[in-house]
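Asker: Those sequence lines, one after another, are chains A and B. So the first sequence is residues 1 to 544, counted in the numbering used here. So the second sequence is residues 545 to 643, counted in the numbering used here.
Among the hints, erroneous ones may be present.
Unchecked claim - Simulated crosslink set (DSBU-like; lysine-lysine; CA at most 30 Å straight-line): (1) A:Lys77 x B:Lys632; (2) A:Lys539 x A:Lys473; (3) B:Lys632 x A:Lys429; (4) B:Lys554 x A:Lys97; (5) A:Lys37 x A:Lys165; (6) A:Lys77 x A:Lys37; (7) A:Lys248 x A:Lys37; (8) A:Lys473 x B:Lys546; (9) A:Lys429 x A:Lys439; (10) A:Lys97 x B:Lys546; (11) B:Lys546 x A:Lys37; (12) B:Lys554 x A:Lys77; (13) A:Lys165 x A:Lys248; (14) A:Lys246 x A:Lys165; (15) A:Lys97 x B:Lys632; (16) A:Lys97 x A:Lys77; (17) A:Lys37 x A:Lys97; (18) A:Lys494 x A:Lys539; (19) A:Lys539 x A:Lys429; (20) A:Lys439 x A:Lys539; (21) A:Lys30 x B:Lys554; (22) A:Lys439 x A:Lys494; (23) A:Lys473 x A:Lys429; (24) B:Lys632 x B:Lys546; (25) B:Lys632 x A:Lys473; (26) B:Lys554 x A:Lys37; (27) B:Lys554 x A:Lys165; (28) A:Lys494 x A:Lys246.
What the hints assert, rightly or not - Among chain A residues calculated to face chain B with C-beta under 8 Å, some are: (29) Leu27; (30) Gly29; (31) Leu47; (32) His50; (33) Ala51; (34) Tyr52; (35) Ile342; (36) Leu413; (37) Asp414; (38) Tyr415; (39) Pro425; (40) Gly474.
It should be emphasised that the hints constitute simulated quantities derived from the structure, not laboratory data. C-beta: ideal position from N, C-alpha, C; glycine also.
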Amino acid sequence: MYRYDHYDQAMVDSRVEEFRDQTRRRLEGKLSEDQFKPLRLQNGLYLQLHAYMLRVAIPYGTLSGAQMHALADIAGKYDRGYGHFTTRQNIQYNWIKLEEAPDLLADLARVEMHAIQTSGNCIRNISSDQYAGAIADEIIDPRPYAELLRQWSSFHPEFLALPRKFKIAVIASQTDRAAMKLHDIGIRMVRNDAGEIGAAFYVGGGMGRTPMIAPCIREFVPVDQLITYSEACLRVYNRYGRRDNKYKARIKILVHELGREEYTRQVEEEFAHLLTQGIEPPLAELERIATFFADPPFETGLADDAVRSDPGFALWLDRNTLPHKQPGYAIAVISLKPVGGIPGDASVEQMHLMADLAMRYSFDECRVTHAQNIVLPHVRKADLFAIWQQLEAAGLGAANLDTVEDIIACPGLDYCSLANARSIPVAQKISRRFADTGKTAELGELKLKISGCINACGHHHAGHIGILGVDRKGTENYQLLLGGSEGDDTSLGKITGPGFDEDGIVDAVERATDVYLARRREGERFLDTYRRVGIDAFKEAIYG
Amino acid sequence: MKILTGNDLKSGAVTWWTGYDWSIHVEDAVDVGDEADAIAAREEGARRVNAPYAIDAERDANGGVRPAHIKDRIRALGPTVRPDLTLKPADPEAGNWVI
Ligand code: HEM
Ligand code: SF4
Chain A
1 MYRYDHYDQA MVDSRVEEFR DQTRRRLEGK LSEDQFKPLR LQNGLYLQLH AYMLRVAIPY
61 GTLSGAQMHA LADIAGKYDR GYGHFTTRQN IQYNWIKLEE APDLLADLAR VEMHAIQTSG
121 NCIRNISSDQ YAGAIADEII DPRPYAELLR QWSSFHPEFL ALPRKFKIAV IASQTDRAAM
181 KLHDIGIRMV RNDAGEIGAA FYVGGGMGRT PMIAPCIREF VPVDQLITYS EACLRVYNRY
241 GRRDNKYKAR IKILVHELGR EEYTRQVEEE FAHLLTQGIE PPLAELERIA TFFADPPFET
301 GLADDAVRSD PGFALWLDRN TLPHKQPGYA IAVISLKPVG GIPGDASVEQ MHLMADLAMR
361 YSFDECRVTH AQNIVLPHVR KADLFAIWQQ LEAAGLGAAN LDTVEDIIAC PGLDYCSLAN
421 ARSIPVAQKI SRRFADTGKT AELGELKLKI SGCINACGHH HAGHIGILGV DRKGTENYQL
481 LLGGSEGDDT SLGKITGPGF DEDGIVDAVE RATDVYLARR REGERFLDTY RRVGIDAFKE
541 AIYG
Chain B
545 MKILTGNDLK SGAVTWWTGY DWSIHVEDAV DVGDEADAIA AREEGARRVN APYAIDAERD
605 ANGGVRPAHI KDRIRALGPT VRPDLTLKPA DPEAGNWVI
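Model the full assembly from the supplied sequences, consistent with the hints where possible.
Answerer: Right, here's the structure in full:
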């Protein structure tokens, strides 16, 4: 894992003290809310439905055991005993007191964490593949590149006041597990014919009210020009992105309005100029960073199978673990989606347990996934049973990864001041419905995603089944979308028709899955069947 | 009726204007008529509230106050998905008031 050097630490520490002083001045009335709000937002502190809400950055979703323990301690000390892991691989606390926020940030800084650039029109936390460094299909570990981008984008003076927020994802395998093409910039590390490492750039993706899939604007940027090319992309956006209309301010609108060719032409022109400026950090820096992400000391000669005698364990093994690049090891995914539970929430005790498991069994590392689950990236197969038993005992043993129960849901109207409708109760009812009818396993891979408003924090456009909460004359109403995907075959879901109330949407989802069960061909997932038969068959069953 | 709500500056807790102070209980809210802006400006200036705003509400049969919009009813009670964290953790029916 990356460790702060003393510059990183000094910067974060001084930022805490600065915020402590700003908070004092606010509480003493020397700053008005208008003056203070941008200051607290720059430190991740929002005002939401019930209290202040703090969003903590988890760079590319990676946490050490000590960091996870600290997040748990914070949930107990400053919040009400839990935290919410988000689609941006971050954590949010919902019940923070302003007067305690500086102490909280100081506690975070002690474990090399902060909430800087988790709000506002700047480059946000960089996201990545949650299986980085562990999965066999990657061509290289994407995290050093994500870390380099993090360092470049942190406090970058030119990009702290962009037209709008800016989100970057970095992956390094053909399989996209990070919704890369739905980011402002998606970067895929690739190898060219000569065997050299470089980066493919996808620019202008996003969700929100105008979802767009990022087009590839360059297939190969040499690795020693990664930052320079990123800078060129940002400069063109910063210059021409629309500041007159918040809803047209994201880079996706600029790329769309200019057209991919024209935007690319301008980026290339800026890039050519920037290459003369020598802004790229030396390769030695990338190499220094990469040493932090070297493989842990894997054991060799381990048994490559796990004993499957317990049926509950066997189910979890099949559902929630993935092959590791190292024989004898596995990637284990802890589902934060218990049936009827709140997607992404974890209690103090659960976080402490996950931290302990990371320390004891996974070389002191865990990851947050954009699907709001937690990964133990490097566990010995021989330890899986012990891990599962402890997870089971803590209510974390749900064997439902990538199934209809593994729902992404934003906080919605239970917590979010921008929401039109609640997301969480819908997720709870759907997971209960499928658990009760016993159809979950039969349905196989089915990605269901719910947002409480058009901002799409819950990725509803990218769900095989998506649900969008809307406000219909003051009551909650839910639209159904079908056919979205955020993988290699990224696509945007289509609205089926008129919306439903809370129970109606659960029935509609079940009817859609019934169409799949009736019409599927051998080996087809829900999404495949949908793509083959088209939306009409589903509409007929849903609205009948 | 029009009532005034906001958050406590220090704790962030949701509060309601009672005519002379701020309460966390929506039942204590009073009709502010067309005084909302004046009260809000004065109270915010004195840092007794943060980000105040006026909303429509009605007085229900039992004398309680019910904000017109579900969002403010959720603010008044707490998250519907965590009854244990609401103002009425012991009342299993409390959530019905929100919807
Ligand atoms: C509760 C406080 C939150 C607020 C005020 C908020 C606000 C917003 C807004 C305004 C947008 C639309 C941006 C645009 O289209 O320009 C957005 C997008 C997004 N947010 Fe949130 N959000 C919140 C919570 C979350 C949470 C909890 C997550 C993760 C579960 C999240 C992840 C995202 C993602 C992934 C997008 C869509 C991608 C994009 O358009 O960039 N947000 N959010
Ligand atoms: S999608 Fe809407 S309701 Fe959900 S968290 Fe984002 S802003 Fe809030």
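Asker: A separate judgement is required for each hint: does it hold in the structure or not?
Answerer: Hints, verified against the model:
For the hint linking A:Lys77 to B:Lys632, the alpha-carbon distance of about 22 Å falls within 30 Å, and the restraint holds. Among the hinted pairs, A:Lys539 with A:Lys473 is consistent with the structure: their alpha-carbon atoms are about 24 Å apart, no more than 30 Å. Note on B:Lys632 and A:Lys429: the hinted pairing holds, with a Cα-Cα distance of about 23 Å set against a maximum of 30 Å. About 6 Å separates the Cα atoms of B:Lys554 and A:Lys97, which keeps this hinted pair within 30 Å; it holds.
About 17 Å separates the Cα atoms of A:Lys37 and A:Lys165, which keeps this hinted pair within 30 Å; it holds. Between the alpha carbons of A:Lys77 and A:Lys37 the distance comes to roughly 24 Å, so the proposed pair stays at or under 30 Å and holds. Of the pairs offered as hints, the one joining A:Lys248 and A:Lys37 holds, with about 23 Å between alpha carbons and a cut-off of 30 Å not exceeded. Of the supplied pair hints, the one linking A:Lys473 and B:Lys546 holds, its CA atoms being roughly 20 Å apart against a limit of 30 Å.
Between A:Lys429 and A:Lys439 the alpha-carbon distance is near 14 Å, which keeps this suggested pair within the 30 Å criterion. Restraint check: the Cα-Cα separation between A:Lys97 and B:Lys546 comes to about 28 Å, which is no more than 30 Å; the hinted pair holds. A threshold of 30 Å between alpha carbons decides the hint, and for B:Lys546 with A:Lys37 the separation of about 27 Å falls inside it, so the pair holds. As the CA atoms of B:Lys554 and A:Lys77 are separated by approximately 16 Å, the hinted pair is consistent with the 30 Å bound.
Note on A:Lys165 and A:Lys248: the hinted pairing holds, with a Cα-Cα distance of about 12 Å set against a maximum of 30 Å. Distance hint between A:Lys246 and A:Lys165 is fulfilled; the C-alpha atoms sit about 10 Å from each other, no more than 30 Å. Between A:Lys97 and B:Lys632 the CA atoms are separated by roughly 21 Å; this keeps the pair inside 30 Å, and the hint holds. Distance restraint check for A:Lys97 and A:Lys77: the Cα-Cα separation of roughly 11 Å lies within the 30 Å cut-off, and the hinted pair is therefore satisfied.
Proposed proximity of A:Lys37 and A:Lys97 is supported: the alpha carbons are some 15 Å apart, at most 30 Å. A C-alpha spacing of about 11 Å is found between A:Lys494 and A:Lys539, which places the hinted pair at or below 30 Å, so the restraint holds. With a CA separation close to 22 Å, the supplied pair A:Lys539 and A:Lys429 stays within the 30 Å bound. Of the pairs offered as hints, the one joining A:Lys439 and A:Lys539 holds, with about 21 Å between alpha carbons and a cut-off of 30 Å not exceeded.
Using a Cα cut-off of 30 Å, the hinted pair A:Lys30 and B:Lys554 holds, with the two alpha carbons roughly 14 Å apart. Between the alpha carbons of A:Lys439 and A:Lys494 the distance comes to roughly 24 Å, so the proposed pair stays at or under 30 Å and holds. Proposed proximity of A:Lys473 and A:Lys429 is supported: the alpha carbons are some 23 Å apart, at most 30 Å. At roughly 24 Å between alpha-carbon atoms, B:Lys632 and B:Lys546 fall within 30 Å of each other, so this suggested pair holds.
About 28 Å separates the Cα atoms of B:Lys632 and A:Lys473, which keeps this hinted pair within 30 Å; it holds. Taken as a hint, the B:Lys554 and A:Lys37 pair is honoured in the structure, with Cα atoms around 14 Å apart against an allowance of 30 Å. With a CA separation close to 28 Å, the supplied pair B:Lys554 and A:Lys165 stays within the 30 Å bound. A distance of roughly 24 Å separates the Cα atoms of A:Lys494 and A:Lys246; the hinted pair therefore holds under the 30 Å criterion.
Here the hint on A:Leu27 is kept, as its CB sits about 6 Å from the closest CB of chain B, short of 8 Å. Among the interface hints, the one on A:Gly29 holds; its C-beta lies about 5 Å from the nearest C-beta in chain B, closer than the 8 Å criterion. Because the smallest distance between the Cβ of A:Leu47 and any Cβ of chain B comes to about 6 Å, under 8 Å, the interface hint for this residue holds. Checking A:His50 against chain B: minimum C-beta separation of about 6 Å stays under 8 Å; hint holds.
Look at A:Ala51: its Cβ gets to within about 3 Å of chain B, closer than 8 Å, so that hint holds up. Hint status for A:Tyr52: holds, given a least beta-carbon distance of 4 Å to chain B, under 8 Å. Checking A:Ile342 against chain B by beta carbon gives a least distance of about 6 Å; that is within 8 Å, so the hint holds. Annotation: interface hint on A:Leu413 holds; nearest CB of chain B at approximately 6 Å, less than 8 Å.
The closest approach between the C-beta of A:Asp414 and any C-beta of chain B is roughly 4 Å, which is under the 8 Å cut-off, so the hint is satisfied. Evaluation of the A:Tyr415 hint against chain B yields a held restraint, the C-beta minimum of about 6 Å falling below 8 Å. With a least beta-carbon distance of about 6 Å to chain B, the hint placing A:Pro425 at the interface is held under the 8 Å criterion. The beta carbon of A:Gly474 is positioned within 8 Å of a beta carbon in chain B (closest approach about 7 Å), and the interface hint is therefore held.
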